[in-house]
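*Asks:* Protein chains in written order, with the working numbering: chain A, 4 to 300; chain E, 4 to 300.
What the hints contain is simulated information worked out from the structure, not anything from laboratory work.
Any given hint might turn out to be false.
If several chains are the same, the list does not tell them apart, and a pair holds so long as it fits within one copy or across any two.
Computed list of lysine to aspartate or glutamate pairs in DMTMM-like fashion (alpha-carbon distance at most 20 Å, straight line) [said to hold, decoys possible]:
{"#": "1", "residue 1": "91", "residue 2": "205"}
{"#": "2", "residue 1": "102", "residue 2": "260"}
{"#": "3", "residue 1": "242", "residue 2": "43"}
{"#": "4", "residue 1": "281", "residue 2": "43"}
{"#": "5", "residue 1": "290", "residue 2": "87"}
{"#": "6", "residue 1": "30", "residue 2": "119"}
{"#": "7", "residue 1": "91", "residue 2": "8"}
{"#": "8", "residue 1": "233", "residue 2": "223"}
{"#": "9", "residue 1": "120", "residue 2": "87"}
{"#": "10", "residue 1": "237", "residue 2": "50"}
{"#": "11", "residue 1": "277", "residue 2": "289"}
{"#": "12", "residue 1": "188", "residue 2": "95"}
{"#": "13", "residue 1": "228", "residue 2": "269"}
{"#": "14", "residue 1": "285", "residue 2": "92"}
{"#": "15", "residue 1": "14", "residue 2": "92"}
{"#": "16", "residue 1": "172", "residue 2": "8"}
{"#": "17", "residue 1": "77", "residue 2": "236"}
2 protein chains.
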Amino acid sequence: MKEKDFIQTIKTILNSGYIGDDCAYLKDLGIVVTQDSLVEDIHFKRDFATPYQIGYKSAMVNISDVCASGAEPKYLTAALSLPENITKEFVEEFYKGMKDACGNIEIVGGDITGSDKIFISITAIGKTAGRRISSRKNAKPGQKIVVSGPHGAGAAGLTELLSGKRVGKFIKAHLMPEAQLEFSKKISSNIQEDYAMMDTSDGLMDALSQIAEASGVLLDIDFNKIPYDKEIEKFENYKDLILFGGEDYQLVAALTDPQDFTVIGEVKEGRGVKIGQKIYTKDEVEKHLFNHFEEKK
Amino acid sequence: MKEKDFIQTIKTILNSGYIGDDCAYLKDLGIVVTQDSLVEDIHFKRDFATPYQIGYKSAMVNISDVCASGAEPKYLTAALSLPENITKEFVEEFYKGMKDACGNIEIVGGDITGSDKIFISITAIGKTAGRRISSRKNAKPGQKIVVSGPHGAGAAGLTELLSGKRVGKFIKAHLMPEAQLEFSKKISSNIQEDYAMMDTSDGLMDALSQIAEASGVLLDIDFNKIPYDKEIEKFENYKDLILFGGEDYQLVAALTDPQDFTVIGEVKEGRGVKIGQKIYTKDEVEKHLFNHFEEKK
């Protein structure tokens with residue numbers, strides 16, 4: 004089964020309005036919560052990343068999910084399952100990486116158990132006071148699509164690593180992404196309307212497609228307006244890295260007043276994501292994306 | 004390395020006052036949070052438990068941790084890592100079990116990824132309003148030690164399973180424990196003093212020893228006052244099942260007014276846990292406990 008089919012099964016059983024966005028918004032408690040896992044040889048390889056980098060990224064991907072909701076990231080808990088041969092140094096470096104990624108966000112608990120491979124599951128909690136919380140259901144025709152920064156670097160870095168390189172221009176972008184705290188805050192603490200926001204960790208096109216699907220709209224994107232590092236043009240199929248590559252941890256939002264953000268398109272009546280003359284359906288986007296159950300990196 | 008050494012390493016790096024209790028108490032948000040993992044062949048076996056039972060227990064162990072804090076369990080998130088051959092039916096049954104364990108507690112999110120073995124990590128969030136939150140540091144000489152119910156059934160059930168039985172008096176206690184919501188609420192919503200409370204999931208003696216160590220006190224326990232099912236006496240070393248067995252998910256608390264709770268001992272000046280004439284140091288208790296890194300169930 005594919006991840007997205009599992010999620011549909013879970014939604015049906017739980018019949019919960021909370022499942023859908025990356026964070027669950029718990030209004031009565033004034034918080035959002037998100038939980039994401041990283042599994043050895045699927046999400047990271049010890050051959051590619053140092054323990055410090057694994058810790059750094061594990062924290063950052065969850066902080067990024069809180070940023071996507073518009074809430075203020077405040078606390079993290081971490082559950083690790085570790086093989087017997089893991090050393091004290093690994094644990095130390097992992098936690099140093101997590102701590103550095105966290106900045107003022109506090110790591111407040113977790114759990115350690117045994118396992119054959121390394122499993123990391125992080126929960127992040129954000130405070131919603133003074134912020135308006137996003138939902139991917141909120142895009143409306145007439146809104147602009149804005150992004151927080153360049154795309155393609157995460158996937159370009161992975162391409163470098165997979166080709167055997169351990170030094171490369173984009174490797175750091177892949178191993179140590181940065182969550183977009185300021186972009187998130189600037190939007191969520193000022194906006195007066197409901198808006199959609201997601202991070203692009205699974206690919207810019209995935210985020211756009213999820214917003215289009217959940218909101219029942221067409222997102223009309225101008226590829227030439229998507230910011231990216233020109234050196235990515237050296238990679239084969241570089242447009243795919245930018246659109247479908249993932250691991251960028253930028254934010255994409257649909258809102259009426261784009262202020263001084265980078266506008267890459269607009270929300271229209273219809274369904275799907277339009278790039279140039281082609282409209283990608285949800286299924287077509289999914290076919291281009293990486294799926295953990297089919298292909299292990 | 005042992006789990007407890009890892010935790011010491013983590014405490015040193017994070018230099019955090021939050022690490023220590025099973026839940027982190029986030030006062031500014033009015034919540035507690037806890038995260039615990041269950042790994043296939045370490046915490047459960049598919050040969051022993053149905054998917055429904057695995058889901059049920061996964062939720063319950065985290066609800067139990069919130070109960071140990073005294074907070075009101077409100078929300079759960081679940082991260083699953085599943086092998087490719089896992090069926091839709093497994094996921095359905097797992098979530099039905101989680102949902103039934105939750106009752107009014109809502110499952111609000113999570114994550115599914117691939118892996119070789121099943122890895123489950125659950126986060127539970129509790130609301131602290133109207134409750135006084137416990138800490139294992141809070142035991143003081145003069146307080147009584149109370150328990151919420153009988154001990155030994157969880158370990159007796161595991162003994163039955165390991166001996167090849169699939170039907171047995173104590174198997175359900177092992178596979179489908181019940182968190183002690185009422186005992187927790189009764190204490191935390193009325194008590195006027197700081198108090199210590201833990202669940203006994205890692206063994207009654209572990210909980211007692213952790214409270215003794217964190218509070219710098221001696222817990223003087225009368226074994227004859229510990230409630231247990233008399234049929235457990237049929238098991239070899241039945242006293243060890245009751246004291247060190249674990250998987251009971253009862254609560255143990257140190258407080259001044261025991262009301263009508265079952266008193267099993269009292270808090271005194273000193274260090275360690277006294278049973279009869281023997282005082283167990285922290286190290287002696289740990290030697291008797293199950294350690295995930297040494298011995299796989």
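*Asks:* Run every hint past the structure and note whether it holds.
*Replies:* So, going through the hints one by one against the coordinates:
no., hint, verdict
1, 91 to 205, "neither (32 Å within a copy, 23 Å between copies)"
2, 102 to 260, "neither (35 Å within a copy, 41 Å between copies)"
3, 242 to 43, "neither (28 Å within a copy, 41 Å between copies)"
4, 281 to 43, "neither (37 Å within a copy, 45 Å between copies)"
5, 290 to 87, "between (38 Å within a copy, 18 Å between copies)"
6, 30 to 119, "neither (39 Å within a copy, 36 Å between copies)"
7, 91 to 8, "between (39 Å within a copy, 8 Å between copies)"
8, 233 to 223, "neither (23 Å within a copy, 71 Å between copies)"
9, 120 to 87, "both (9 Å within a copy, 16 Å between copies)"
10, 237 to 50, "neither (25 Å within a copy, 52 Å between copies)"
11, 277 to 289, "within (15 Å within a copy, 61 Å between copies)"
12, 188 to 95, "neither (31 Å within a copy, 38 Å between copies)"
13, 228 to 269, "within (12 Å within a copy, 71 Å between copies)"
14, 285 to 92, "neither (44 Å within a copy, 25 Å between copies)"
15, 14 to 92, "between (40 Å within a copy, 14 Å between copies)"
16, 172 to 8, "neither (36 Å within a copy, 38 Å between copies)"
17, 77 to 236, "neither (38 Å within a copy, 49 Å between copies)"
In this structure, the hints that do not hold are numbers 1, 2, 3, 4, 6, 8, 10, 12, 14, 16, 17, in rising order.
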